[in-house]
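J.: Can you make the complete structure from the sequences, with help from the hints?
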Amino acid sequence: MKVIGISWRLLFTATLATALLSSPTLAKAKSKAKAESKASKAAPAPVELTGTLKKIKDSGVITVGHREESIPFSYYDDKRQVIGYSQDLVEIVIEAIKADLQMAEINVKMVPVTSANRIELVEEGTVDIECGSTTNNRERQKKVSFSNTIFIISTRLLTKADSGVTDFSDLSGKNVV
-19 MKVIGISWRL
-9 LFTATLATAL
1 LSSPTLAKAK
11 SKAKAESKAS
21 KAAPAPVELT
31 GTLKKIKDSG
41 VITVGHREES
51 IPFSYYDDKR
61 QVIGYSQDLV
71 EIVIEAIKAD
81 LQMAEINVKM
91 VPVTSANRIE
101 LVEEGTVDIE
111 CGSTTNNRER
121 QKKVSFSNTI
131 FIISTRLLTK
141 ADSGVTDFSD
151 LSGKNVV
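Going left to right, the sequence shown walks through residues -19 to 157 as the working numbering numbers them.
Any given hint might turn out to be false.
To be verified - Below 27 Å or equal to it, Euclidean Cα-Cα: the simulated DSSO-like pairs (lysine-lysine) are:
(1) 154 - 78
(2) 35 - 122
(3) 123 - 59
(4) 89 - 37
(5) 37 - 123
(6) 122 - 140
(7) 123 - 78
(8) 78 - 34
(9) 37 - 78
(10) 123 - 89
(11) 140 - 123
(12) 123 - 34
(13) 59 - 89
(14) 34 - 154
(15) 35 - 78
(16) 122 - 37
(17) 123 - 35
Note that these hints are calculated values from the structure, not bench results. Since the structure is predicted, the reported quantities are computational estimates derived from the model, not experimental observations.
T.: Here it is in structure tokens:
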């Protein structure tokens, strides 16, 4: 058997819109505070929060958009609890946000999203972070921010060595099951 492959980078984000929308602001503020602290040898000035992190700090709530049936990323278990790879990652992000904001607790509100509405809901602030497998592309980057790549998928084709199929184009006009 022979494996023929073509890779598409489907960038998985989940999801991590809160960290993405807010982290650059937080990082700049922390960097500025650190520089000012070194320059003056005084205690660093408190970081002024803006955007999503300010909203979370002020309300004590983070709203997570999640997919209901996107196995293995985000889906319901038999008790209707959201589970999956994306959910595991978003829980780590929430812990990091709690630490950065110096909050003992953050209430988590789970909101179901679909592939059709997830970008819009993050963009308008209905959800603070999206927990799912969302492809990072230029069009979407104009609307929302993405985390570093955490998932790459590729497509492979397995054929018999003597099949005569050496590339996907060899399948043109053939019935593929």
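J.: Each hint: holds or not?
T.: Okay, the hints, checked on the actual structure:
Simply put, residue 154 and residue 78 have alpha-carbon atoms about 55 Å apart, too far for the 27 Å limit, and the pair is violated. Only pairs whose Cα atoms come within 27 Å are accepted, and residue 35 paired with residue 122 is accepted, the gap being roughly 22 Å. With a C-alpha separation of about 34 Å, the suggested pair residue 123 and residue 59 falls outside the 27 Å cut-off, and the hint is violated. Between residue 89 and residue 37, the direct Cα distance comes to roughly 14 Å. Compliance with the 27 Å bound is thereby established for this hinted pair.
Only pairs whose Cα atoms come within 27 Å are accepted, and residue 37 paired with residue 123 is accepted, the gap being roughly 23 Å. A hinted pair counts as satisfied when its Cα atoms are at most 27 Å apart, and residue 122 with residue 140 does not qualify at roughly 44 Å. Between the alpha carbons of residue 123 and residue 78 the distance comes to roughly 26 Å, so the proposed pair stays at or under 27 Å and holds. For a cut-off of 27 Å, the pair hint linking residue 78 to residue 34 stands: about 12 Å separates their Cα positions.
Proximity of residue 37 to residue 78 is assessed by CA-CA distance (about 9 Å); at most 27 Å being required, the pair is judged to hold. For a cut-off of 27 Å, the pair hint linking residue 123 to residue 89 stands: about 23 Å separates their Cα positions. For a cut-off of 27 Å, the pair hint linking residue 140 to residue 123 is broken: about 45 Å separates their Cα positions. Between residue 123 and residue 34 the CA atoms are separated by roughly 20 Å; this keeps the pair inside 27 Å, and the hint holds.
Between the alpha carbons of residue 59 and residue 89 the distance comes to roughly 17 Å, so the proposed pair stays at or under 27 Å and holds. Of the supplied pair hints, the one linking residue 34 and residue 154 is violated, its CA atoms being roughly 56 Å apart against a limit of 27 Å. For a cut-off of 27 Å, the pair hint linking residue 35 to residue 78 stands: about 13 Å separates their Cα positions. For the hint linking residue 122 to residue 37, the alpha-carbon distance of about 26 Å falls within 27 Å, and the restraint holds.
As the CA atoms of residue 123 and residue 35 are separated by approximately 19 Å, the hinted pair is consistent with the 27 Å bound.
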